[in-house]
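**Student:** Can you make the complete structure from the sequences, with help from the hints?
So the sequence lines, in the order shown, correspond to chains A and B.
At position 478 of the first sequence (counting the first as 1) the number is 478 in our numbering, and the numbers step up by one without a gap.
At position 11 of the second sequence (counting the first as 1) the number is 1011 in our numbering, and the numbers step up by one without a gap.
Honestly, the hints are just simulated from the structure, not real lab data.
All C-beta atoms in this analysis are idealised placements derived from N, C-alpha and C, irrespective of residue type, glycine included.
Any given hint could be a false lead.
[Claimed, not checked] Listed below are the simulated EDC-like cross-link pairs for lysine to aspartate or glutamate, each with C-alpha atoms no more than 20 angstroms apart in a straight line:
(1) K256(A) with D300(A)
(2) K1107(B) with D371(A)
(3) K1181(B) with E501(A)
[As the list claims (entries may be wrong)] Over the 10 angstroms line for every Cβ pair with chain B, so calculated as not near, a few chain A residues:
(4) G52
(5) M53
(6) E80
(7) R92
(8) S108
(9) R110
(10) G114
(11) E163
(12) P170
(13) M187
(14) H281
(15) H363
[To be verified] Part of the chain A face toward chain B, derived, beta carbon under 7 angstroms:
(16) R357
(17) V370
(18) A372
(19) I376
(20) P393
(21) G394
(22) A449
(23) L454
(24) E456
(25) S526
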Amino acid sequence: MLWVCMHLSDFSLQLWLQGLRDPGPAVITTGGNRPEVLSCNPPARSHGIAPGMTVSAAVALAPDLIQRPRDLVAEQHALERVAAWAGQFTSRLSLAQPDALLLEIQGSLRLFNGLRSLLLHLSAGLSDLGYTATIATAPTSTGARLLARAGMNSTVTEIARLEPMLAGLPLILLDQPEETTHMLAVMGVHTIGECRALPRDGLARRFGQSLVDELDRALDRLPDPRKPYLPPTRYTARLVLPAPVYETEPLLFATKRLILELAGFLRMKQAGITKLKLTLHHEDSKPTIVKLGFAVPSRDPQRILTLLRERLSGLELHGFKLPDRVEAITLVSEETRPLGSRNLSLFPEDRLPEEQRWLIIEHLRARLGVDAVYSIASHPDHRPELSWRVCEPGRNDLEGREAASPRRSSSTAAPPDSLSTAAPPCSSSTAPPPRSSSTAPPPRSSSTAPPLWLLETPRRLQILDDAPALDGPLTLLTGPERIESGWWDGNDVGRDYFIAEDTSGTRCWIFREHNSTSWYLQGLFS
Amino acid sequence: MPLDLVLQNPAIWRGDQYAKVAVESVPTGFVELDTQLPGGGWPQAALTEILTNQRGIGELRLLAPALVRLSHEEKWIVLVAPPHLPYAPGFESLGLNLARMVLVRTKSDAESLWAAERCLRSGSCAAVLAWTGAGSQQTIRRMQLAAEEGKGFGVVFGPTRNAALPSPAPLRIQLTADREKLQLQIIKRRGGGWAAPLSLNVNRSQRNRIERAATNIPGIYATPTRPSPRLHRLRQGLA
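**Tutor:** This is how it looks when you write it as structure tokens:
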């Protein structure tokens, strides 16, 4: 068993300042009527501020001081989030309240190529998250905790070496009540080594069995079970920004911290994210919600951050400015999918990995909007406006389709206003040719190949000398192709289609309604 | 010495030859055009400029065989800001794999240029067809660099008046429509040399059907008239 303890000193301060790149003097206060300084960061310390002085005195020393009362609930949540992030290194996690984490890493050593490499990963990851921690390793959890609390970044792998290291540590690091340590100090016992030298039963009688038990647990004389921590299924994080921001870059800096935590969380769950929600809380207005979707589940923090950056700058492009300064951000993982790790292969692959292909689609969507990037698929219907559908790129089979927008179906209603009137005898009484309104859609092996471009709404052509004309008289080349269809949904259509050529050589697809004399331009061949 | 023997001397360069440059290309599908293009097809990893004043004369059908070939591979075929709605059955009848086709709708020229450049640079798009508006030299140059980086086949459509302006695209073609054929003039290509104007028939399949239709129906459609209702009924009785 090998335990690693990560002790985050001044956790409330670190948590608060993690969203800022270069914080000025900052303090955490006790709150209440006469707030006092609980902890301060190095810039504040350089101004002469120390824990214990009143906040008014501190502000007198450093006028640009930012302060915040301690929020225990937020600290607890943040500790749990860091624990969930650390779950990517091992599955045996434990919280050591209020500001330390314990990881049992004996089983992960082989995966991470040794203890040193694992500890390097851990410390690098923590600093990416914005925390600085003392990381100590010991064969017992209590021993690791004591070492980390003492601020020693040491690695001890055997009990024999642990004893002399613990011997010099002050008694105050133990989890004992103050009076115990005070009485021992009065007696002249200041370090753990001196305490161990005292007779055991005498100590137990005077100060309680818990003192003796704790010393035994530290040195592996007694078992030291820890309550395991089970990470939640969803990732929810809230970060209060130290100073309200207006620009994108500082916002992204703070969001990056949360995204890195999310990436660790996803790695722990062996999952990738498909839907993400970022909420920007403003001081006076409603929160702005930014939603990101991924076609392929991903846990790459760089990719998420790039897309988020594109989306935020896209928001600015469309004239949508952030209504107010942002004072807090919340990141919620809405939907995750299992995502295994990738195997490194011996030979480099020539084929494009699936994820990479979708990267460009997501990128375009993040900047231009989800509806701006689409694909089309054909739909079995004789009416040209309805014989195609918008669908998701890559999913042109029947399930991935959406119906054409109502605008399109209204465009079929626009020209045939005359159709709704009583049909003249010539077209209704005659039997329609077998192509129209049959149940099984025949393949389009008509005499004409369909055009490549369709106009959004069919354009009415002017009539010159009884003939349709675009920029000049049109010559009809083929036709007519009669399409009569759609009586079942009200957009019934009765038209004769022709291919016509312009004087300039443009080939168009025009039609004439049965009941009117107007000609319309429907599409262009190209 | 006979003249052709003299001309076989490799030290002699004839004015209508152009340097055969080794360029990775996709065959265009039209043999006459392939012989005139360096590399024997549309150049990959480069931008092609197609200049035409009229829309719908056959510029897309010119690219169709190459696009069909590219669409059956792994990468996307992107159409940025197309002038009209693309008609799915039309593309399907060409043989294009619609699962690889992506359309991008943009609200401004700047967005179209950004989208085209981004798609070309990504390397996951086999072909990008962009109908951007007035693109300056700088933007065309950026797209060319993006195409080189992402190894994609980029096409920019522009008006004929751009032919007079210099452009960094390595291949520039001007199209005009003849009666049924497409007139092609290669303004600029790698390897240089003057290329004779080509006349291509891009609407091959349609042409046969036109002839068929013309023989079936009496000459009523040669002259544009509006058929009278009585004639309409008569025809339906016959058909």
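**Student:** Take the hints in turn and mark each one as holding or not.
**Tutor:** Going down the list of hints, with the structure as the test:
Only pairs whose Cα atoms come within 20 angstroms are accepted, and K256(A) paired with D300(A) is accepted, the gap being roughly 12 angstroms. As the CA atoms of K1107(B) and D371(A) are separated by approximately 12 angstroms, the hinted pair is consistent with the 20 angstroms bound. Under the criterion of a C-alpha separation no larger than 20 angstroms, the hint pairing K1181(B) with E501(A) is consistent with the structure, at around 12 angstroms. The non-interface label for G52(A) is consistent with chain B: the shortest C-beta to C-beta separation is roughly 56 angstroms, beyond 10 angstroms.
Annotated as non-interface, M53(A) keeps its C-beta farther than 10 angstroms from every C-beta of chain B; the closest such distance is 54 angstroms. For E80(A), the shortest C-beta to C-beta distance to chain B comes to about 38 angstroms, beyond the 10 angstroms cut-off, and the non-interface label holds. Interface exclusion of R92(A) from chain B stands, the closest Cβ pair being 41 angstroms apart, more than 10 angstroms. Interface exclusion of S108(A) from chain B stands, the closest Cβ pair being 35 angstroms apart, more than 10 angstroms.
Distance check for R110(A) against chain B: the nearest CB is about 36 angstroms away, which clears 10 angstroms, and the non-interface claim stands. With 10 angstroms as the threshold on Cβ separation, the claim that G114(A) sits away from chain B holds: the shortest Cβ distance comes to roughly 36 angstroms. The beta carbon of E163(A) is kept farther than 10 angstroms from every beta carbon of chain B, the shortest such distance being approximately 59 angstroms. Against chain B, the non-interface label of P170(A) holds: every CB pair exceeds 10 angstroms, the least being about 59 angstroms.
At roughly 73 angstroms, the least C-beta separation between M187(A) and chain B is larger than 10 angstroms, which holds for a residue marked as non-interface. The claim that H281(A) lies off the interface holds: its Cβ sits roughly 30 angstroms from the closest Cβ of chain B, which is beyond the 10 angstroms cut-off. The beta carbon of H363(A) is not kept farther than 10 angstroms from every beta carbon of chain B, the shortest such distance being approximately 6 angstroms. Interface restraint check for R357(A): the shortest CB-CB distance to chain B comes to about 5 angstroms, inside 7 angstroms, so the restraint holds.
Interface restraint check: V370(A) against chain B, minimum CB-CB distance 11 angstroms, threshold 7 angstroms, status violated. The beta carbon of A372(A) comes within 5 angstroms of a beta carbon in chain B, closer than 7 angstroms, and the hint placing it at the interface holds. Hint on I376(A) holds. Least Cβ distance to chain B is approximately 4 angstroms, under the 7 angstroms limit. Nearest Cβ of chain B to the Cβ of P393(A): about 5 angstroms, under the 7 angstroms cut. The hint holds.
With a cut of 7 angstroms, the hint placing G394(A) at the interface with chain B holds, because the nearest CB-to-CB distance is about 6 angstroms. Annotation: A449(A) was flagged as interfacial toward chain B, and the flag holds, the nearest CB pair being 5 angstroms apart, inside 7 angstroms. Checking L454(A) against chain B: minimum C-beta separation of about 4 angstroms stays under 7 angstroms; hint holds. Because the closest C-beta pair between E456(A) and chain B is about 6 angstroms apart, less than 7 angstroms, the hint holds.
For S526(A), the interface hint holds, the least distance from its beta-carbon to any beta-carbon of chain B being 4 angstroms, beneath 7 angstroms.
Hint compliance for this structure: hints 15, 17 are broken, all remaining hints hold.
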